[in-house]
Amino acid sequence: MNAVLEVLAVGGLATVQDLGRHGYAHLGVPPSGALDRPSLRLANRLVGNDEGAAAIEILLGGARLRAHTSMWVAVTGAPCGAAMGTPVQLRDGKTLNIGPATEGVATYLAVRGGVDIAPVLGSRSTDLLSGIGALLAAGDHLPIGPQTSYRAMPVDVAPLEPIDSEPILAMRLGPRDDRFTAKALATLTSSTYSVTPVSNRVGLRLEGSPLERRDDTELAPEAMVTGSIQVPPDGQPILFLPDHPTTGGYPVIAVVVDADLRKAGQARPGSTIRFRLAARATATHQ
Amino acid sequence: MNTRPVGEHGLLIELPGIDEVHQLRANLLASHHPGVAEIVAGLRSVLVVVDPARTSVAEFGSFLEDLDVGDVAPPSSRIIDVPVIYDGPDLDEVAKLTDVSADQVVARHQASTYTVAFLGFSAGFAYLLGLDQSLHVPRRTTPRPSVAAGSVAIAGELAAVYPRATPGGWRLLGHTELPVWDLSRDRPALFAPGDTVRFRGVG
Chain A
1 MNAVLEVLAV GGLATVQDLG RHGYAHLGVP PSGALDRPSL RLANRLVGND EGAAAIEILL
61 GGARLRAHTS MWVAVTGAPC GAAMGTPVQL RDGKTLNIGP ATEGVATYLA VRGGVDIAPV
121 LGSRSTDLLS GIGALLAAGD HLPIGPQTSY RAMPVDVAPL EPIDSEPILA MRLGPRDDRF
181 TAKALATLTS STYSVTPVSN RVGLRLEGSP LERRDDTELA PEAMVTGSIQ VPPDGQPILF
241 LPDHPTTGGY PVIAVVVDAD LRKAGQARPG STIRFRLAAR ATATHQ
Chain B
287 MNTRPVGEHG LLIELPGIDE VHQLRANLLA SHHPGVAEIV AGLRSVLVVV DPARTSVAEF
347 GSFLEDLDVG DVAPPSSRII DVPVIYDGPD LDEVAKLTDV SADQVVARHQ ASTYTVAFLG
407 FSAGFAYLLG LDQSLHVPRR TTPRPSVAAG SVAIAGELAA VYPRATPGGW RLLGHTELPV
467 WDLSRDRPAL FAPGDTVRFR GVG
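Those sequence lines, one after another, are chains A and B. For what it's worth, our numbering labels the leading residue of the first sequence as 1, then goes sequentially. For what it's worth, our numbering labels the leading residue of the second sequence as 287, then goes sequentially.
Rather than coming from a laboratory, the hints here were simulated on the basis of the structure. A few of these clues could be false.
Which residues of chain B face chain A? A partial, calculated answer using Cβ under 8 Å [unchecked claim]:
1) Pro320
2) Glu324
3) Phe349
4) Leu383
5) Asp385
6) Gly410
7) Phe411
8) Leu417
9) Thr428
10) Thr452
11) Leu469
Here the structure is a predicted model, which is why all the values come from computation and not from measurement. Every residue, glycine too, gets a C-beta built ideally from N, C-alpha and C.
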């Protein structure tokens, strides 16, 4: 009999996420996937899954779940009161309590075998804007994949990368930095931006010194990637996260580097972030 | 072709117009470059995202310079009629901006025949070319955090139907009940590049 994880209660926003849905941007389908990918990968490694197995992402508010048949789980990402960074055996009928995140935003719960819902367009990630999947709610029964064919669990405890409460994100300028004044570029790298409460998996809506344009002509809509810092006419930047629109009509001044996207994903509403230019040499090809 | 960097793995290729965009996209698809992860058309650009495990932006840039861009087969030409209830919250503002009555905005919006340029922004969202020149108005200064599914909208030279509730900065003229993104269909997206679209007022 396959294992089932039952959702008893959800405090914040919880969804199923993996490493995302790639190759469908031309249909307008965003990549989706975990906000903090290194934490998802680690949780999967801890229980012997492939790094890209589907897991549960819980934002801010916590959750309570019950195991039907015994299963191994691991919790990573934003600290939440549960045992972090270690495989835990959840026996049949036992509940797991994940409290509200005490810092950061996204907590990951991986289960040995992976969350085994049907993939859509090549991924199990929930994408609310495209109507793929739904927010997890009390009463949901999540099927867990077979646990027999997986690898041994290699370690008992893994150190977790601390959550940076005032992160500095490295970015590459472009593609539309030439639409902004020199002062705007200086402002972006020297001032502090606060993360507003309307931020979500689509993007961080930031508030701070407005970024001034020198070219105000309408931009023909063009494609965007995760990490794009887009600037609407009011000058307040939006940093796009995995559920971002695939194209947009406001200029993108810079793009945050992959390695720092987890910091953006873990930035809490009300916290502040800063930007710096990425060293040009930290190359494209490793 | 002028190119611009997009983060660590992307290259935005600027082009004169939608015909060149369709042509380059078709040529890139036909070339089957193994390191290309995404090819995403815009109105006057194509974004190529490379897989860093297989190639780099610099290597792809050299490949692009040597690419011989040739003719492509013309896109499909289905005709799709979209029934619209013209009750949008921005109808009066568009009328004011264009110096005509709201009824005239509605009449001009229906009078045009549109062509699907490309999909983007959100799943199934088709950018439609062909909007009456007198209705070209800028986007809102601050985008709405949520625009209702089925909203019929315009911005600049473009028209569109919002497939799902998403954030959006376009001007809303009305709404349609016709589903434009439906995962239960074989083709989830109603619109495909090259389709002809007409709007018809109902109710």
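Exercise for the section: Quick one: which hint numbers does this structure break? Sort them smallest to largest. Expected result: 1, 3, 4, 5, 8
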